[in-house]
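S.K.: Based on the provided sequences and hints, a complete structural model is requested.
Protein chains: 2
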Amino acid sequence: MIRDFSERLIVQEVSPRDGLQIEPSWVETADKIALIDELSLAGFSRIEGGSFVSPKAIPALRDGEAVFRGIRRQSGVIYVALVPNLKGAERALAAGADELNLVMSASQTHNRANMRMSCEASLAAFDTVLERVRGESVLLNASIATTFGCPFEGAIDEDRVVQIVDTYLEMGMQGITLADTTGMANPRQVQRLVKRVLSRLPAAALTLHFHNTRGLGLCNVLAAYEAGARRFDAAVGGLGGCPFAPGASGNICTEDLVNLCDQMGIETGIDLPGLLAISRRLPALLGHELPGQVAKAGRNCDLHPIPDFSLG
Amino acid sequence: MIRDFSERLIVQEVSPRDGLQIEPSWVETADKIALIDELSLAGFSRIEGGSFVSPKAIPALRDGEAVFRGIRRQSGVIYVALVPNLKGAERALAAGADELNLVMSASQTHNRANMRMSCEASLAAFDTVLERVRGESVLLNASIATTFGCPFEGAIDEDRVVQIVDTYLEMGMQGITLADTTGMANPRQVQRLVKRVLSRLPAAALTLHFHNTRGLGLCNVLAAYEAGARRFDAAVGGLGGCPFAPGASGNICTEDLVNLCDQMGIETGIDLPGLLAISRRLPALLGHELPGQVAKAGRNCDLHPIPDFSLG
Numbered sequence: 000m001i002r003d004f005s006e007r008l009i010v011q012e013v014s015p016r017d018g019l020q021i022e023p024s025w026v027e028t029a030d031k032i033a034l035i036d037e038l039s040l041a042g043f044s045r046i047e048g049g050s051f052v053s054p055k056a057i058p059a060l061r062d063g064e065a066v067f068r069g070i071r072r073q074s075g076v077i078y079v080a081l082v083p084n085l086k087g088a089e090r091a092l093a094a095g096a097d098e099l100n101l102v103m104s105a106s107q108t109h110n111r112a113n114m115r116m117s118c119e120a121s122l123a124a125f126d127t128v129l130e131r132v133r134g135e136s137v138l139l140n141a142s143i144a145t146t147f148g149c150p151f152e153g154a155i156d157e158d159r160v161v162q163i164v165d166t167y168l169e170m171g172m173q174g175i176t177l178a179d180t181t182g183m184a185n186p187r188q189v190q191r192l193v194k195r196v197l198s199r200l201p202a203a204a205l206t207l208h209f210h211n212t213r214g215l216g217l218c219n220v221l222a223a224y225e226a227g228a229r230r231f232d233a234a235v236g237g238l239g240g241c242p243f244a245p246g247a248s249g250n251i252c253t254e255d256l257v258n259l260c261d262q263m264g265i266e267t268g269i270d271l272p273g274l275l276a277i278s279r280r281l282p283a284l285l286g287h288e289l290p291g292q293v294a295k296a297g298r299n300c301d302l303h304p305i306p307d308f309s310l311g
Numbered sequence: 000m001i002r003d004f005s006e007r008l009i010v011q012e013v014s015p016r017d018g019l020q021i022e023p024s025w026v027e028t029a030d031k032i033a034l035i036d037e038l039s040l041a042g043f044s045r046i047e048g049g050s051f052v053s054p055k056a057i058p059a060l061r062d063g064e065a066v067f068r069g070i071r072r073q074s075g076v077i078y079v080a081l082v083p084n085l086k087g088a089e090r091a092l093a094a095g096a097d098e099l100n101l102v103m104s105a106s107q108t109h110n111r112a113n114m115r116m117s118c119e120a121s122l123a124a125f126d127t128v129l130e131r132v133r134g135e136s137v138l139l140n141a142s143i144a145t146t147f148g149c150p151f152e153g154a155i156d157e158d159r160v161v162q163i164v165d166t167y168l169e170m171g172m173q174g175i176t177l178a179d180t181t182g183m184a185n186p187r188q189v190q191r192l193v194k195r196v197l198s199r200l201p202a203a204a205l206t207l208h209f210h211n212t213r214g215l216g217l218c219n220v221l222a223a224y225e226a227g228a229r230r231f232d233a234a235v236g237g238l239g240g241c242p243f244a245p246g247a248s249g250n251i252c253t254e255d256l257v258n259l260c261d262q263m264g265i266e267t268g269i270d271l272p273g274l275l276a277i278s279r280r281l282p283a284l285l286g287h288e289l290p291g292q293v294a295k296a297g298r299n300c301d302l303h304p305i306p307d308f309s310l311g
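Protein chains in written order, with numbering that gives the first Met the number 0: chain A, 0 to 311; chain B, 0 to 311.
These aren't lab readings, by the way, just hints derived from the structure by calculation. This structure is a prediction, so every number in the text was calculated from the model and none was measured. A hint or two may mislead.
What the hints assert, rightly or not - List of simulated lysine-lysine pairs, DSSO-like, C-alpha gap at most 30 angstroms:
| id | chain 1 | residue 1 | chain 2 | residue 2 |
| --- | --- | --- | --- | --- |
| 1 | A | Lys-295 | B | Lys-295 |
| 2 | B | Lys-55 | A | Lys-295 |
| 3 | B | Lys-86 | B | Lys-55 |
| 4 | A | Lys-55 | A | Lys-86 |
| 5 | B | Lys-194 | A | Lys-194 |
| 6 | A | Lys-55 | B | Lys-55 |
M.R.: Below is the structure:
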């Protein structure tokens, strides 16, 4: 069977970073390493393993160095670290990250709340990171948080997002992520913006990052996929969340996305049974249930015993 | 502004039937009536108010007559009753149902488990109902459960589904529902089947009934909508569930669907704030949380106060 790899959907697993950063209980460094090591064997080509931000801002991920140094790297897997500035970049490089993910919000208000600086200050900080890594083999990705809406400002001007994409490309970023930080995107908006952005960079350089805050995460993936996008962030179990929407879902759930792709005949390269086994161990590790559905319902092919009709 | 009503999406609210039937705690008749009365004012044109099946089979809905007699009917709203056979039809007619919804599974095994009879026996029972209501003003809808997959048999032959549609139409059913009883449908399958079925009956006569068991409910709605379907079942709060997937979601959530439509500019005629108020009262009534997301996260336009940056 000849496969059309242009149809392939690439999942970047972000649970160790965007998933664990909001967990209220401390997850031991060894457990973080074990999670990443299990994910490395499930078929992912990209895993966001942690972030190198101020330990005061995100104490849950304060052991980034130890995690990156402790994981058993698999060849073919790119291990990504989120960094906000030069200091974070230095730490991530020293810890052996393959790719740095720089984050700025399209919304000034959200960037001030999240990064404690203006967008202009974020871009200036990115410049110092670019300067520092020149000549190194590390990859650079830049994310645009609140691309599809801001919990403080509301709607975000699409022209502003496209302008930031252009700025990132001029700066020399190799990859760009459009992030729906608080789950405000809808499929029509996603299609419109993805088409505009894909006129500026190849699909292999664009990642979509959706949250399922309002139940639309997988709808938005399909809309973006139809518009030509091929790379998506997701978190096993649907880990993650949003401080502004307690009780609402977090990142789109990796195994629910992989199940969707399997059912639709879209290749991901990810082992669904292996992923389900990882997901089903998470509630014990974290002490609470997770929003992912397929881990609870099973796959379509997990049939149930036929009832004994003689009892009826 | 001129609206294109051919684009309008009709939501049939099924929480009083498919939602409440699986609730472990008894919901008082007065509370059921109050729920339907609130829903009647939220803009729905169709509400499935209960079922007239054996009280032994579904004790949670054993008060169907009292519920139908107690509700305050709004003009323009069609109140539907699910019935399995002639006895149920007699009870529903006496209680004043505007439409009878007859249910048979595409899967023989599921029909035996659910209805305690073969598909052929179900069709024969439907014939006696059709005979009985001839000349009455009541409407008849017929559902095909397990259209997209059976938890016992697995995949369902699409030709078999289309054959049942043809049989229903020949019998004189005015509406047909394709039901994804245990959430096994995927968007490509939905598009393929909806297109085939819409070559046989108008969109106004076809309802799609999706469960969110594996997180794909709203993806399947959009796929069906794109293929031309316009009528969808949903339950406020995402009430409902599946005995074969404990912990998994139930029906697609009405307010999440209406929010999706509002965001995409698809007219539904349903008042989202009113619906959210109904949904947010349900956990207290039922004693547990519900899977609906927008009731927890709020609408996109429910903005959050800007943090005090001077503290940072």
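S.K.: Confirm or reject each hint.
M.R.: To see whether the hints hold, each was checked on the structure:
Restraint check for Lys-295 of chain A and Lys-295 of chain B: the C-alpha separation of about 21 angstroms stays at or below 30 angstroms, so the hint holds. With a CA separation close to 28 angstroms, the supplied pair Lys-55 of chain B and Lys-295 of chain A stays within the 30 angstroms bound. For the given pair, Lys-86 of chain B sits about 14 angstroms from Lys-55 of chain B by alpha-carbon distance, which is consistent with the 30 angstroms threshold. Of the pairs offered as hints, the one joining Lys-55 of chain A and Lys-86 of chain A holds, with about 14 angstroms between alpha carbons and a cut-off of 30 angstroms not exceeded.
A C-alpha spacing of about 27 angstroms is found between Lys-194 of chain B and Lys-194 of chain A, which places the hinted pair at or below 30 angstroms, so the restraint holds. Of the pairs offered as hints, the one joining Lys-55 of chain A and Lys-55 of chain B is violated, with about 59 angstroms between alpha carbons and a cut-off of 30 angstroms exceeded.
Going down the numbered hints, you'll see the structure goes against just number 6.
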